[in-house]
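With the hints as constraints, model all of the structure from the sequences given.
2 protein chains.
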Amino acid sequence: MKAELITIGDEILIGQIIDTNSAWMGQQLNLHGIEVYQVTSVHDNHNHIMKAIADAERNADLVLITGGLGPTKDDITKNTLCEYFGMELVYFPEVFEHVQSLLSSRNVTINQLNRDQAMLPASCTILHNSVGTASGMWFERNGTIFVSMPGVPFEMEAIMTEEVFPRLIKLGILESIVHKTILTIGLPESMLAEKIEKWESALPDFIKLAYLPSALSVRLRLSAYGTDQEMLETEINKQVEDLLTIIPENVFGFDDENMALVIGRMLEKASQTLAVAESCTGGNIAHFITSNSGSSAYFKGGVIAYSNEIKTKLLDVPAEMIKNYGAVSQQVAEAMAIGAQKALNADYSISTTGIAGPDGGTSEKPVGTVWIAVAGPSGVKSEKFIFRHNRERNIIRSTQTALNLLRNLILTDNKV
Amino acid sequence: MKAELITIGDEILIGQIIDTNSAWMGQQLNLHGIEVYQVTSVHDNHNHIMKAIADAERNADLVLITGGLGPTKDDITKNTLCEYFGMELVYFPEVFEHVQSLLSSRNVTINQLNRDQAMLPASCTILHNSVGTASGMWFERNGTIFVSMPGVPFEMEAIMTEEVFPRLIKLGILESIVHKTILTIGLPESMLAEKIEKWESALPDFIKLAYLPSALSVRLRLSAYGTDQEMLETEINKQVEDLLTIIPENVFGFDDENMALVIGRMLEKASQTLAVAESCTGGNIAHFITSNSGSSAYFKGGVIAYSNEIKTKLLDVPAEMIKNYGAVSQQVAEAMAIGAQKALNADYSISTTGIAGPDGGTSEKPVGTVWIAVAGPSGVKSEKFIFRHNRERNIIRSTQTALNLLRNLILTDNKV
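Top to bottom, those sequences are chains W and P.
So for the first sequence, this note's numbering puts the first residue at 1; every next one is plus one.
So for the second sequence, this note's numbering puts the first residue at 417; every next one is plus one.
Be aware that one or more of the hints could be misleading.
[Unchecked claim] In the DMTMM-like style, the derived pairs of lysine to aspartate or glutamate whose C-alpha atoms are separated by at most 25 Å in a straight line are:
no., chain 1, residue 1, chain 2, residue 2
1, W, Lys51, P, Glu684
2, P, Lys418, P, Asp477
3, P, Lys467, W, Glu57
4, W, Lys51, P, Glu473
5, W, Lys195, P, Asp490
6, W, Lys51, P, Asp763
7, W, Lys313, P, Asp763
8, P, Lys596, P, Asp672
9, P, Lys489, W, Glu35
10, P, Lys654, P, Glu613
11, P, Lys611, W, Asp74
12, W, Lys365, W, Glu320
13, W, Lys384, W, Glu364
14, P, Lys418, P, Glu646
15, W, Lys73, P, Asp621
16, P, Lys489, W, Glu249
17, P, Lys685, P, Asp829
18, P, Lys489, W, Glu235
19, P, Lys729, W, Asp347
20, W, Lys342, W, Glu364
21, P, Lys611, P, Glu665
22, P, Lys611, W, Asp116
23, W, Lys170, W, Glu140
24, P, Lys596, W, Asp74
25, P, Lys596, P, Glu651
26, P, Lys418, P, Asp621
27, P, Lys685, P, Glu673
28, P, Lys624, W, Glu83
29, W, Lys73, P, Glu451
30, W, Lys73, P, Glu616
31, W, Lys2, P, Asp471
Bear in mind the hints are in silico, worked out from the structure with no lab data behind them.
Set out below in C-alpha cells:
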C-alpha cells in the first residue's frame with residue numbers, strides 16, 4: 001500500500017511553522033509497514049487543495065490530509081472536501097455534544113464558530129477527536145482511502161492512534177518493511193563511508209543503507225523489504241552485528257535512542273548519579289537528560305552558572321582562578337566539574353564554559369570556543385573545542401560533545 | 417514569481433528527520449517577496465525525482481531542490497539532474513581544491529568519495545559551498561531557474577544566503593508582500609477569534625489573517641499583498657495598533673520574538689536580574705532564556721533541583737516542608753523561588769515543581785500537575801496547573817506558563 005501525505009496551511013509554506021506532522025505520520029506509517037510515497041504541502045487555497053488531492057488519488061491508496069480544520073475563516077479544508085466528494089455539510093449532534101463537553105471542561109464558553117465544528121460532510125465516517133474540537137473525516141472512493149485531520153500535532157496524533165490505525169489494521173493493510181538505525185559519533189560521513197565500504201557493498205539486494213548526518217550524530221539506516229518479517233529482522237540483526245565489529249567505538253545507540261538515554265542506562269545499571277555545571281550550554285545538557293522519562297533515578301540536578309559570581313558561590317570555583325585564566329579556560333571547566341560533583345554529591349559530573357556567540361568572541365578565544373570537563377570516581381578530564389557555527393548549533397554541538405565525553409569516561413571506568 | 421521546493425530523501429518520508437529546510441527556505445523566500453507555491457518531499461528514487469522536477473517546472477519560475485548530494489551511494493540527485501538537463505559530469509579542479517582545503521582543515525583524509533564531489537554537471541553554474549564539500553548547482557531552462565543544494569541545513573542556508581539570494585536580487589526578482597505576526601497568550605483560538613471578530617471582518621481585502629496555534633501561543637499572522645511596499649507596511653501597522661487596543665494583555669510580542677526574549681528586554685531595561693530553580697522543567701526554562709543572545713546581561717543562572725536533597729542543600733527548602741507537603745506543593749514551589757532569589761542574588765526568580773510523566777502520577781497529583789512560583793521585589797506568587805499532555809509537551813507548557821507568570825509579575829511591579 002502506498003500513502004501520500006498532504007499538509008495544508010499558508011504557515012507551512014512561508015515557514016512560520018515547521019511541518020512536524022508529516023514526519024510523525026511518515027514514521028508511524030512506516031512502523032506499520034506502509035510506505036509514504038510523497039509529502040505535499042499546499043496553501044489554504046481551494047483550487048490548490050483540490051489539485052493536490054486529485055494528484056494524490058492517482059498515486060496512492062491512502063491519502064492523509066492535515067490542516068485547515070480550525071474554527072476560523074482561513075480554514076477551508078472541510079468545505080473543499082465536501083466539493084471534492086460531492087457532499088453537503090450536515091449537523092452531527094454527537095459531535096456538538098463532544099465539543100460542548102470538551103470546552104466546558106476547559107472553562108471556555110461555546111460560540112458559533114465552535115457550533116460550526118459539528119457541521120460535517122454527510123456521508124463521511126466521523127473520526128472522534130478525543131483531545132480537540134475538530135473531528136477527523138474518513139472518505140473512500142474507488143479503493144482509495146482519504147483521511148482529513150486537524151493540523152495541531154497532538155490532535156492529529158490522537159486521531160491517527162485512536163481511529164486511523166485501528167481501522168487500517170482491521171482492513172488488513174500491512175506490508176513488511178524492517179528498519180534499524182545505528183547511531184554513530186566521532187567520524188564524519190565520508191570517513192565513516194570509507195571505513196564500512198566493504199560491509200556496505202556486501203549487503204544483500206533487499207537491504208538498503210542510508211546515511212543521515214545531523215548536528216548530533218551520523219545515523220545509518222538499514223531498511224529491509226520483503227514478505228517474511230522474521231527473516232528480514234534476522235538478516236538486519238546479523239548485518240548490525242557485523243557492523244559493530246568494524247566500528248565498535250563509534251556506535252552509541254540504536255533507533256530512537258539518544259546519547260543522554262544511553263548514558264542514563266549505564267548510570268542506572270551501576271547505581272551511579274550525575275550532576276551538571278553549565279555555563280555556555282545554559283541548561284541544555286540538563287534539558288537533554290531530563291527529556292528522558294525516568295531520569296530522576298540517576299540525575300540529581302545541576303547548577304547553571306551563567307555569571308562568574310555563581311561559579312564561585314555555588315560551585316566553589318576560586319574567583320582568583322577566573323581572574324587569572326578567564327571564565328573560558330581549562331582550569332575553570334575542571335573546577336566547575338569538580339564543584340558540581342561535590343555540591344550535588346554525584347558520582348559523575350559534566351561542565352561547560354565557552355562562548356556560544358554571536359557576541360563575546362576574541363581573536364584568542366573566538367565564538368564557538370568551549371572548554372568541556374567531565375569528572376568521575378577516577379578523576380577529571382577536559383578538552384577544548386572550537387565549534388564554528390551559530391549560537392543554536394554551538395549549544396547543541398557542545399551539549400552532544402559533552403555527553404559523549406562523559407560516555408567515554410564511564411566506559412573507561414567500567415573497563416578498569 | 418512563484419517558487420516550489422523539492423526536498424529529497426527517504427529519511428524525510430519515513431519521518432526519521434523533520435524537514436526543517438523547507439520551513440527555512442519558505443521563510444527566507446517570503447521575506448524576499450517570493451511566494452512558495454508548494455513543497456514536495458520525494459524518495460531518493462530516480463523516476464520520482466524526475467517527475468517532481470517536471471511537475472514543479474510546470475508551476476514555478478524558481479525550483480529549489482535540497483538533498484541527495486552527499487558523497488555516498490544513496491545520493492543520486494546529481495546524476496538525476498544531469499539526465500534531466502541532458503548534461504555530462506565533468507571535473508571542476510577549483511571545487512576539488514575547495515574540498516581538499518576544507519577537509520584538511522578538519523584533519524580528515526580525502527578519499528575517492530570526496531574526489532567525486534568535484535565531478536559536476538558540465539553547463540550548470542556552480543554555487544560555492546563555503547561550509548561543506550557538496551557544491552550547489554544552478555540551472556536555467558525556458559525562463560525557469562532550478563537550484564540544487566545539499567540537505568544538511570547549515571550548508572543549504574549558507575548557499576542560499578551567499579549565492580542564491582544575491583543572484584536573484586541581481587535578476588530583479590522581488591515582489592511586495594508584508595507580514596506581521598502578533599504573539600498572543602491566555603486565550604484559546606476560538607475565544608480569541610470571537611474577541612477580535614469585528615476587527616477581523618473590517619480588514620481591507622488585500623490583508624489576510626491566519627491563526628497559528630502552537631504549544632507556546634496562538635499567533636496571528638497578517639499578510640498584505642500589493643505593489644506599494646510602504647503603503648502595505650503603514651496599513652499593517654495601523655491594523656496592529658487597532659488590535660492592541662482590543663487585546664492589550666494577551667499580546668506579548670511580534671514576529672520572531674519569544675517570551676524569554678521579551679522578558680529579557682524588560683529586565684535589561686530595568687537593570688534587573690533573573691534566576692531559576694527548576695525541578696520538573698529540568699533546565700528547559702534556562703535553555704529558553706539562554707537561547708537568546710545577550711542573555712548574560714540579566715540571567716545569573718539557576719539550580720536544577722531534580723532531587724529533593726538538592727532542593728534542600730542549594731535552595732534552602734526545609735526537608736521538613738518537603739516531607740509534610742510533598743515536593744509538588746505550593747509551599748515547596750514558593751520556597752524554591754525564594755531560595756533561588758537569595759542563593760543567586762537575583763531580583764526575580766522562577767521555580768517549577770511537578771510531574772512531567774509518564775510515570776510518577778497519583779490520583780491526587782496526576783501526571784501534568786505542576787506548581788509554578790515567581791518571586792520578585794514585591795514578593796512571591798504561585799499557581800497550580802494541570803497539563804494533561806505527554807512528557808515533552810508538559811515540559812514546554814510548564815516552561816511557557818512559568819515565563820508568562822513572570823512577565824505578568826514584572827508588568828504589575830512596573831505599574832506600581
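Comparing the hints with the structure gives:
For the suggested pair W:Lys51 and P:Glu684, the alpha carbons sit about 51 Å apart, so the restraint of at most 25 Å is broken. Using a Cα cut-off of 25 Å, the hinted pair P:Lys418 and P:Asp477 holds, with the two alpha carbons roughly 5 Å apart. For the proposed pair P:Lys467 and W:Glu57, the alpha carbon gap of about 16 Å is at most 25 Å, so the pair holds. A C-alpha spacing of about 16 Å is found between W:Lys51 and P:Glu473, which places the hinted pair at or below 25 Å, so the restraint holds.
For a cut-off of 25 Å, the pair hint linking W:Lys195 to P:Asp490 stands: about 16 Å separates their Cα positions. Proposed proximity of W:Lys51 and P:Asp763 is contradicted: the alpha carbons are some 57 Å apart, above 25 Å. Distance hint between W:Lys313 and P:Asp763 is fulfilled; the C-alpha atoms sit about 17 Å from each other, no more than 25 Å. For the hint pairing P:Lys596 with P:Asp672, the CA-to-CA distance comes to about 10 Å; that is within 25 Å, so the pair holds.
Simply put, P:Lys489 and W:Glu35 have alpha-carbon atoms about 21 Å apart, close enough for the 25 Å limit, and the pair holds. Proximity of P:Lys654 to P:Glu613 is assessed by CA-CA distance (about 17 Å); at most 25 Å being required, the pair is judged to hold. The hinted pair formed by P:Lys611 and W:Asp74 meets the criterion: a straight-line CA distance of about 16 Å does not exceed 25 Å. A distance of roughly 20 Å separates the Cα atoms of W:Lys365 and W:Glu320; the hinted pair therefore holds under the 25 Å criterion.
Straight-line distance between C-alpha atoms of W:Lys384 and W:Glu364 comes to about 13 Å, which keeps the hinted pair within the 25 Å bound. The straight-line distance between the Cα atoms of P:Lys418 and P:Glu646 is roughly 22 Å, inside the 25 Å bound, and the hint therefore holds. Under the criterion of a C-alpha separation no larger than 25 Å, the hint pairing W:Lys73 with P:Asp621 is consistent with the structure, at around 14 Å. Distance restraint check for P:Lys489 and W:Glu249: the Cα-Cα separation of roughly 24 Å lies within the 25 Å cut-off, and the hinted pair is therefore satisfied.
Straight-line distance between C-alpha atoms of P:Lys685 and P:Asp829 comes to about 14 Å, which keeps the hinted pair within the 25 Å bound. A distance of roughly 21 Å separates the Cα atoms of P:Lys489 and W:Glu235; the hinted pair therefore holds under the 25 Å criterion. A C-alpha spacing of about 17 Å is found between P:Lys729 and W:Asp347, which places the hinted pair at or below 25 Å, so the restraint holds. For a cut-off of 25 Å, the pair hint linking W:Lys342 to W:Glu364 is broken: about 31 Å separates their Cα positions.
The suggested pairing of P:Lys611 with P:Glu665 holds, with an alpha-carbon distance near 13 Å, which does not exceed 25 Å. Distance hint between P:Lys611 and W:Asp116 is fulfilled; the C-alpha atoms sit about 17 Å from each other, no more than 25 Å. This hinted pair checks out: W:Lys170 and W:Glu140 have alpha carbons roughly 15 Å apart, not beyond 25 Å. Only pairs whose Cα atoms come within 25 Å are accepted, and P:Lys596 paired with W:Asp74 is accepted, the gap being roughly 16 Å.
Restraint check for P:Lys596 and P:Glu651: satisfied, since their Cα atoms lie roughly 11 Å apart, inside the 25 Å limit. For a cut-off of 25 Å, the pair hint linking P:Lys418 to P:Asp621 stands: about 21 Å separates their Cα positions. For a cut-off of 25 Å, the pair hint linking P:Lys685 to P:Glu673 stands: about 17 Å separates their Cα positions. Under the criterion of a C-alpha separation no larger than 25 Å, the hint pairing P:Lys624 with W:Glu83 is consistent with the structure, at around 23 Å.
Distance hint between W:Lys73 and P:Glu451 is fulfilled; the C-alpha atoms sit about 21 Å from each other, no more than 25 Å. Restraint check for W:Lys73 and P:Glu616: the C-alpha separation of about 10 Å stays at or below 25 Å, so the hint holds. Taking the CA atoms of W:Lys2 and P:Asp471, the gap is about 20 Å. The hint holds against a cut of 25 Å.
Violation of the numbered hints given earlier is confined to hints 1, 6, 20; the remaining hints are satisfied by the structure.
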